[in-house]
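Below are the chains, spelled out letter by letter.
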Amino acid sequence: MTRKLIAITACATGVAHTYMAEKALIKGAKKEGVLIKVETQGATGIGHRLTTRDVEIAEAVIFATDTKVRDSERFKGQLILQVNVSAPIKDAQKVIEDALKLADKK
Amino acid sequence: MTIKIVDPLLVRLNLNVSSREEVIEELAALYYEKGIVTNKQKYIAAVNQRESDGTTGIGDGIAIPHGKSSVVSKAAVAVASTANPIDWNALDDKPVKYIFLLAVPEKSDNTHLELLSELAGTLMDDDVREKLKKVTNVLDLEKIFESEVK
Numbered sequence: 000m001t002r003k004l005i006a007i008t009a010c011a012t013g014v015a016h017t018y019m020a021e022k023a024l025i026k027g028a029k030k031e032g033v034l035i036k037v038e039t040q041g042a043t044g045i046g047h048r049l050t051t052r053d054v055e056i057a058e059a060v061i062f063a064t065d066t067k068v069r070d071s072e073r074f075k076g077q078l079i080l081q082v083n084v085s086a087p088i089k090d091a092q093k094v095i096e097d098a099l100k101l102a103d104k105k
Numbered sequence: 000m001t002i003k004i005v006d007p008l009l010v011r012l013n014l015n016v017s018s019r020e021e022v023i024e025e026l027a028a029l030y031y032e033k034g035i036v037t038n039k040q041k042y043i044a045a046v047n048q049r050e051s052d053g054t055t056g057i058g059d060g061i062a063i064p065h066g067k068s069s070v071v072s073k074a075a076v077a078v079a080s081t082a083n084p085i086d087w088n089a090l091d092d093k094p095v096k097y098i099f100l101l102a103v104p105e106k107s108d109n110t111h112l113e114l115l116s117e118l119a120g121t122l123m124d125d126d127v128r129e130k131l132k133k134v135t136n137v138l139d140l141e142k143i144f145e146s147e148v149k
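Those protein sequence lines, which keep their order, are chains A and B. Note that numbering that gives the first Met the number 0 has the first sequence beginning at 0, numbered continuously upward. Note that numbering that gives the first Met the number 0 has the second sequence beginning at 0, numbered continuously upward.
Hints are all accurate, no fakes.
Subject to a maximum C-alpha distance of 27 Å in a straight line, what follows is the list of computed DSSO-like cross-link-like pairs (lysine-lysine): (1) B:Lys132 with A:Lys29; (2) A:Lys93 with A:Lys30; (3) A:Lys105 with A:Lys30; (4) B:Lys93 with A:Lys30; (5) A:Lys26 with B:Lys93; (6) A:Lys105 with A:Lys75; (7) A:Lys100 with A:Lys26; (8) A:Lys67 with B:Lys106; (9) A:Lys105 with A:Lys67; (10) A:Lys67 with A:Lys36; (11) A:Lys30 with B:Lys130; (12) B:Lys130 with A:Lys26; (13) A:Lys26 with B:Lys142; (14) A:Lys104 with A:Lys75; (15) B:Lys93 with A:Lys29; (16) B:Lys93 with B:Lys133; (17) A:Lys89 with B:Lys93.
If you are wondering where the hints come from, they were derived from the structure by calculation, not from laboratory data. Since we're looking at a predicted model, the values are computed, not measured.
Let the sequences and hints guide you as you build the complete structure.
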């Protein structure tokens, strides 16, 4: 079965890194054959907001964030991998693999 | 309708510079000339502040420094390529040749900020990175970052 992850990206200015990390995670997930939905929390607001259903079906949550995650109570009880926003920009596949490993450990 | 994110008046190709500071200075001067930044030193300080929080060298010879400040009158991107690669302490430890300096106002309408975010996202695209390496003039550059809107 296809593996499923969700992620939040956010950076201090909320204009550049948030969206580069988003694109990097989507690209990395594609290469790994993983389904991912990425919510961006930027200066222009929240993009692709994760729903309760998204949170339910995801095996783990990636926080690629340099700032406080908005509405983080949505992820209470979920497995969370916290990395810097630059981590997926540097190597998204590694971040995806780490999130899957976290899910495997459970 | 086609929206051009990159303004040809805010592009400097083949800059003869040897440091990050020099590139930022050159592009900030361009912003000041065009009235996009009303105080060059304050803007540069904001860019340096952001840089000290973590490198904006995103790999593959590309850097996307940015400064958010009240001295920025409107959201913009200025682009430079350098004649020789310069050190940027980038994520992949490689030197940088392409610089996208963003000017971010304290208050802005979302449309302009979204264009900058779209440009940033585009830079993660392998095709775009390949095209960037082949840029020889401003027109090539403009074309890469054209955005189709309905």
